[in-house]
Amino acid sequence: MSTVSTAPQPVAPAPASPSKSARARRSRGIQVLRYGLLLFFLIIVMMPVYVLLVTSFKGPGDASPDRAWLPPTELHLDGWRTAWEQLSPALGRTFALVIPASLISACLGAMNGFVLSRWRFPGANLVFTLILFGMFIPYQAVMIPLIELMQDLGVQSGVPSLIVLHVVFGLPITTLIFRNYYAGVPQEMIEAARVDGAGMLRTFRSVVLPLSVPAFVVTLIWQFTSAWNDYLFALFFSNARNGPVTISLNFLASGQLQDYSASMAGALIASFPTLIVYIVLGRWFLGGLMAGSLKG
Amino acid sequence: MRRRLQNFGPPLLLIAPSVVLVGVFVYGLIAVNVNTSLTDRHSRAPADGYVGLDNYKALFSDEDFQHALGNLLMYTLAFLVGALFFGFLWAWLLERGARGEGIFRTIYLFPMAVSFIASGVVWRWLLNSAEGDRASGINRLLDSTGLGFLQNSWWSDENWGILALTLPAIWQLSGYVMALFLAGFRGVPEELREAARVDGVTEWQLYRHVIFPQLSPVALSAIIIVGHMSLKVFDLVMAIAGQTNYTTQVPATQMWIEFTRGDYALSAAIGTVLLLIVAVLIVPYLVYTYRQERNR
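Protein chains in written order, with the numbering used here: chain P, 1 to 296; chain G, 1001 to 1296.
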């Protein structure tokens, strides 16, 4: 609690009593203001969620604009039904691409992170910086030749292409997360293994990997969310019949008939898996975000 | 020689697949893309020959592309200011702990877990341009709370339409900036605060002269991350306004339009321009972190 600031300081002389009560009054005022603002912003941030929920249950009777912000007069599930019919095949495909993509890129990230943090070879930092740059580039700058490269390699459009792309372009961030994590592993543990005669690969497998569970969780969550939410690669490398849920959702939402209850139900359905991950594993999710800021 | 191989062989082996992949998919493809942008490949068929910088000259003299660049600049400035302001404010409000801090933090941050495509569904509804009796979304809310004079056409506005799209972007990223700043606040050593209090400074002076200056590296990270995301804006425009809407054109949407027309050379040129814009922001930062690493 914020009473820390008003707690008596043993070193500082106690202020005279009138000013003390004035200060206490003022600090109570600040508290009221603080919680007021926090609640106000809470409502603002939740507003779109309210709209999504309310609109998704509306039927044709609530279409009038002056009922826009009001709850539905009666609960209709038509929107949810339409959305589910349109999105469920794509949901399956999204899981089929996101899970292998996150697993593979996490493993590669662990290997890179270990080498770049512990087994320094000449130019290791330069290699790391060059890999990192790949995280920031706008993918438009490689898109045209990328399409042709994937065709030349014979990778099918849809799920297979997207797995390859999320693995390759996920390498920088997964390497970064593991490198920062391994920088915190005590050097003595690695030295001890080396003294015992273990080579680098043995050290990695039997000493470092068992310690890596937290970094794996962070990386998997990060890759899961970013691959799940990807739209750019999906647009260039798949279509509504073989693509992930973002494509189908945008297709549903931008149709000629503005079926708002179906598109809002669809938005909720499409966000459900990442929201669950976020709510259940929130602490770890934050860890991934922090790693994204380059600071270990 | 043999010893060197034993020392550096295994790490190089472990990291080689990733280095090759990033080398080919990032640097190799950037080179091919730049090459394509210098040719007359205005269809899917191979190019006839080189045209020098003609494609870039055509782009920069095209009013639509100038409009898109102007939009990108406005969008990025407004997005940066908004996300940094709210992120900083929320972190400051939560900094010394609050009752239910976890709930506030979770809710402020959750939009980050949702795709721009899903949030675009609800924001398109919120930013509906209809006014008066036909108004829904935010305009309806303003109308019914006596703030009707604030109603506007949002992203349909010819000059400032792009700024409307910063609202969902700020909504989505402020929580992330908050998390960065919160970590920054909590990284300020307690002794520093104690020392300042012993010196008898007021709370405001403590923040102004002791704590805020400690947060400048965090602010820099936040600017880099939000800035580069902002320069790559694409999904949000596609989800809310659609690819053909003139008022919200950005380079990324024009790149997609040129691609669907089959104009590979122009599309590649736009990709390269985007890369250069992002590089102006990212390269100095990467060089700076690289130097810091080397000196460690």
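Take these hints with a grain of salt, some might be off.
Reference listing, derived: stretches of chain G covered by chain P, where coverage requires no fewer than 3 residues with Cβ under 8 angstroms from a Cβ of chain P [to be verified]:
| # | segment |
| --- | --- |
| 1 | 1053-1061 |
| 2 | 1069-1078 |
| 3 | 1115-1128 |
| 4 | 1153-1166 |
| 5 | 1208-1214 |
| 6 | 1253-1262 |
It is worth saying that the hints were derived from the structure and are not from the lab.
We put the beta carbon where it would ideally sit given N, CA and C, even for glycine.
Please write out, lowest number first, the hints stated earlier that are contradicted by the structure.
1, 2, 4 and 5
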